[in-house]
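Undergrad: Starting from the known structure of chain A, arrange chain B on it as the hints suggest.
For reference, the chains in residue letters:
Number of protein chains: 2
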Amino acid sequence: MGKPGLAGGAQGARELAALAQTVCAALAEGAATRGGPLPDGGPQAVAARLTAATGPALPDEGTGAEEALRTLVREMAAGAADPADPHCVAHLHCPPLAVAAAADLAASALNPSLDSWDQAPAATALETHVTEALAALVYPAAHAPQALVTTGGTESNQMALLLARERAARAGRRPVQVVCGANAHHGVRRAAWLLGLPRPVVVATPSGVLDPAAVDRVLHGLAPHTLLVATAGSTDSGAIDPLPALAECAARHAAELHVDAAYGGPLLFSDRETAKLAGLDAAHSVTLDLHKLGWQPVAAGLLAVPDGAALDPLGHRADYLNAADDTEAGLPDLLGRSLRTSRRPDVLKIAVTLRALGRTGLGALVDTVCDAAGALAERIDRHPDLELFARPTISTVLFRPREATDDDIAELRRRLLYDGRAVLGRARAGGRLWLKATLLNPRLTAADLDALVALVAAAPAPDEPGPPRLPHPTHPFTTEGTTPR
Amino acid sequence: MGKPGLAGGAQGARELAALAQTVCAALAEGAATRGGPLPDGGPQAVAARLTAATGPALPDEGTGAEEALRTLVREMAAGAADPADPHCVAHLHCPPLAVAAAADLAASALNPSLDSWDQAPAATALETHVTEALAALVYPAAHAPQALVTTGGTESNQMALLLARERAARAGRRPVQVVCGANAHHGVRRAAWLLGLPRPVVVATPSGVLDPAAVDRVLHGLAPHTLLVATAGSTDSGAIDPLPALAECAARHAAELHVDAAYGGPLLFSDRETAKLAGLDAAHSVTLDLHKLGWQPVAAGLLAVPDGAALDPLGHRADYLNAADDTEAGLPDLLGRSLRTSRRPDVLKIAVTLRALGRTGLGALVDTVCDAAGALAERIDRHPDLELFARPTISTVLFRPREATDDDIAELRRRLLYDGRAVLGRARAGGRLWLKATLLNPRLTAADLDALVALVAAAPAPDEPGPPRLPHPTHPFTTEGTTPR
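First to last, the protein sequences are chains A and B. What the first sequence shows, in UniProt numbering, is residues 1 to 485, in sequence order. What the second sequence shows, in UniProt numbering, is residues 1 to 485, in sequence order.
Isolated chain A (complex conformation) (with noise of 0.2 angstroms):
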C-alpha cells in the first residue's frame, strides 16, 4: 500500500480526480447490482450481505484507497434506496442534481471551515454573498435581509425557535410560548425541548393546515409575546398554512411569526408557484432548506430574516477565531452564524446550482414536479380501485387502495420496500392512512406514473407472491407540452 495522499493542491487535485473515478465505477456497478429503488429482502439481509462483503469496521492494516473505495462505495450504492429511481418516492428526500453532487467535492477537498476567516477566506465571501441572494428572495422589499445556512430544516426551525428565546430574554419577557399546528413538524416540537422552552401549544388542524380563526382564539387566550409558527408544505401532504391571515392575526396580538416553508419555499424560483407563497415575507423567519426542492445533497437548510440584525444573538467570541484586535483590524468572521464551530461549506454547491441553472432552470423543475404531481393525481383519481385524498398543493399526493385498511396500507408499504420494488412513504390524514408519493424527480415519465398506479392497485394479498419488478421507461410524464428537465 502506498502513503495516503492529501485532497489540496495541484498535486492532491490530481490523485482526487483517479479516486473519484473509482468512485463513480463503484456507483454505477453499484446501482447495477441493486437494478431498482432499493435492495430486496429488507433490513436484517441488507445489513448482513454489508457486514459479510466488508468485515470488520477498524481492521488493524488497511486495504489502500482504491479497494477500500472500490468495496464500500459498491456496498453503499447496492444497499441504497435511490430518489433517482422513478419509484422511490417515500419522503422529501430528493435525488440531487449531478452539478451540485460535484461541486460538494470540491468543499470536501478544500476543506474551508466557516468559523474563520483564515481557515475560509474566499468561502466566507461567497456565503456572505449567496445567503444575501436568497434572503432577497424570501424577503424582496426588506433593506438587510440575511439567512444562515444550517443542517436542514430542523436546525433552521431550532434557531428560529433560539432567536425567538433570546429576544425575549433580553427584553425582560417571560419565556417565549411557541404556537404551532398539528401539522407542523416533529422537529418544531424537539426544538422547544431542546432550547428549555415550554411546550408547544399545538392547534388543530382537521383540514391539513391552520384555521386562522383557531389560531386566534389560542392567541387570544395566551400572554403576549408568543411564537406562531406557521407550514409552508406539510410534511404529511405538501399543504401550505393561510399565510396571510395568518401573519394578521399573529400581528392582531403582538405575536410573533415564523414560517417553516423546508419543503414549500423554493416555489419562490417559479414564476408560475410564487403566488401559493404570498405573506412570506411578513415573517420574522422563514426556514427554507435547498435539499428538498432544490436538489441538493443533504445539508442545504437555511433561515432567512428580513434585517441581519435578528442574528446578534448568536454573536459568539472566541479568542483564537476571532480575537477583539483582529476584528477590529478588519477579519470579518462567521463564528455568529451557527452554533457550530468547524462547518462545511454547504453554500458552495448551492452557489454552484445557482449559477448553473439561475433562478427560471430552478423554477422550470419546480413546475416539472408540481405538473407531474398532478398527472399522478389525476390518474389515481381515475382509477376504479384507488381513492385520491385531495389534488395536490405542492408535489406530494397521498392516495389508497378503496378496499384496504389501515393496516392493509401499512403492510403493504412495507412489501413493497422489503421486496425491494417501491419506497412510498405513509401519512395520516382524515382520520385515516395513505400511501404518499413525494414526487420531488424531475425526470420522471408519464410511464413511471403508470407503472406505479398499477404497482398499487395490482399489488397482491398478502399470502400472494408479488409481480416481477417493472421496467422503468423513458418517456414523459405528459405529452401535452411541459418539457422534462
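What the hints contain is simulated information worked out from the structure, not anything from laboratory work. Don't be surprised by glycine CBs; every beta carbon is placed ideally from N, CA and C. Please note that a few of the clues may not be correct.
As the list claims (entries may be wrong) - Per the computed footprint, the stretches of chain A lying under chain B, defined by three or more beta-carbons under 8 angstroms from a beta-carbon of chain B, are:
| # | segment |
| --- | --- |
| 1 | 50 to 57 |
| 2 | 64 to 72 |
| 3 | 201 to 210 |
| 4 | 423 to 435 |
What the hints assert, rightly or not - Pair by pair, the computed Cβ-Cβ distance ranges are:
| # | chain 1 | residue 1 | chain 2 | residue 2 | range |
| --- | --- | --- | --- | --- | --- |
| 5 | A | GLY430 | B | GLU61 | 36 to 44 angstroms |
| 6 | A | SER207 | B | GLY196 | 33 to 41 angstroms |
| 7 | A | ARG173 | B | GLU403 | 33 to 41 angstroms |
TA: Relative to the frame of chain A, chain B by itself:
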C-alpha cells in the same frame, strides 16, 4: 444549456464522473493561481476578486453545469486557505485525505438520509457498524459501547450536556451544573446557554490543564450531580488534563465526567501515543472529532458512550418516519441518534478511511505529526531569536519572537495572512500572546519546518516590505528514520 442531470443511478454516475474531472481540473487551476497557503490581499481584496469573477449569486438565467463548476470551484480554490500547504498551520483544520474526500462524493451522489431506514438501508447498517467499532476503541472494556455521529466537537459537547441534563431531569434532580476548566473549548459555555443550563463554573488553569486539587475544592462546594468537563487536547496548546485523577475526583463527589477529546482522541489509533489518554474510558461520554487528527473533511464528529442505553433520551418518534407498527415489524431507524432529521452519512468517508489505512495506518499518521511538532519545537528552542512556550503534548507548538510585544505578535500574524505567506494561529498562555502552529499535515518536511521558523524569525518590522514567498521543498522533516506518509 442541456437538461441538468441527476447524480443517482448508473447514468448519473457517468455524468458525475465527467463533472468530477471538471472539478478536479478547476481545483488544480485555482491552487496554481493561489500559489501559496492562502490568497494575498486580505479580506476585502479576496471578497472583491470573488464578486468580480462570479457576478450575481442568483442570476435569472443559468450558465450550465460545466461553466458554473469551472468558475466557482476555481475561485474557491484560488481563495482557499489550504491546510495541505506547509505554511497553513493555524487551526485544528486538517488537510483531508484524498481517499476521504473521494468517499464523500459518494455520500453526495447517493444522498442517503439517516433519519429513516427507507432513505438509507445500507447507510443505516454502516453507521451502526462503524460507530460501534469506534466506541469500542474508546471503551474497550464496555459491554455495549455506542457513538453518535455529529457535525463536530462542538455538537458532541452539546449532546453530552444534553444527555446529562436529561439524566438529571429524569431522576427528578436539579438542573445539572457544568464545571470545566478555563482551558475548555468555548463551545462548552455556548452549549450550556443553548440548553438553558446554569452558566458553567470555570476552574482556572494557570498551568494549562485542570488541577485535580482545584477541581476537588470546587466540586466539594457544589451540590452533587454536577458534570465535570475535562479536555484531552486543548485548542490553544493541545494540553491533556490529568484524566485518571479527575475521574477519581469526580467519582468521589458523585459528579459525572465528560471528556472533550476532539483533538486528542485519535491518539488511540497509535500504539505509541495511546498511553496519553489513560483514564479516558472512565468518562460517561467522550467527544471525538475525526476532522482534526482523523484527516476527514468537515464534518466528522462523534460522541461515544460506554452503553448505548445512555442515548435513550434522544429517542424520538415521528409517524411518517418511524411509526410504532413499522418499528414492531422490524424496521430499524436512527432518528434517535441525532437532533437533525435529514442527515448526511458522514460515516461513509470515515468507514472508507478506516478500511483504507487501518488502525495502524492512522496511528502512523498520528505519530508523524507528533514527531513533526517535536521537531519544530526543537528548532524554535535552538533559535536565538525565538522563544518556545513548552514541548508539545500532541502537535501544537506555541512560540514567539523574543523581542516582540503581544501587539507585535498579533500584527505579525495578520501581516503574514494579508501577504498570503502563512496561516499561523494565536493563543494566550502564561499571560502572554503566542503564535500557534497546529501541525496536522503528515507530509510536512524538515525543510518546511526550517522555512516556517525562518519566516517568523526574519519577519520585518511593520513598515518594511516582506520577503518573497518561500519555496516548499519536499524532503522529509526528519532524516532519522521516521517515514513520512
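Undergrad: In terms of beta carbon proximity below 8 angstroms, does the segment 201 to 210 of chain A have 3 or more residues touching chain B?
TA: violated (count 0)
Undergrad: Does the beta carbon distance between ARG173/A and GLU403/B stay inside 33 to 41 angstroms, or does it fall outside?
TA: violated, 54 angstroms
Undergrad: Go ahead and decide if the range 36 to 44 angstroms is satisfied by the Cβ distance of GLY430/A to GLU61/B.
TA: holds, 43 angstroms
Undergrad: Tell me if chain B covers the segment 50 to 57 of chain A under the three-residue, 8 angstroms CB rule, please?
TA: holds (count 5)
Undergrad: Cut-off 8 angstroms, C-beta pairs, minimum 3 residues; does the coverage of the segment 64 to 72 of chain A by chain B stand?
TA: holds (count 7)
Undergrad: Take the C-beta atom of SER207/A and the C-beta atom of GLY196/B, compute their distance, and say whether it sits inside 33 to 41 angstroms.
TA: holds, 35 angstroms
Undergrad: Examine the segment 423 to 435 of chain A for residues whose CB is less than 8 angstroms from any CB of chain B, and state whether their number is three or more.
TA: holds (count 5)
Going through the hint list in order, the structure does not satisfy hints 3 and 7.
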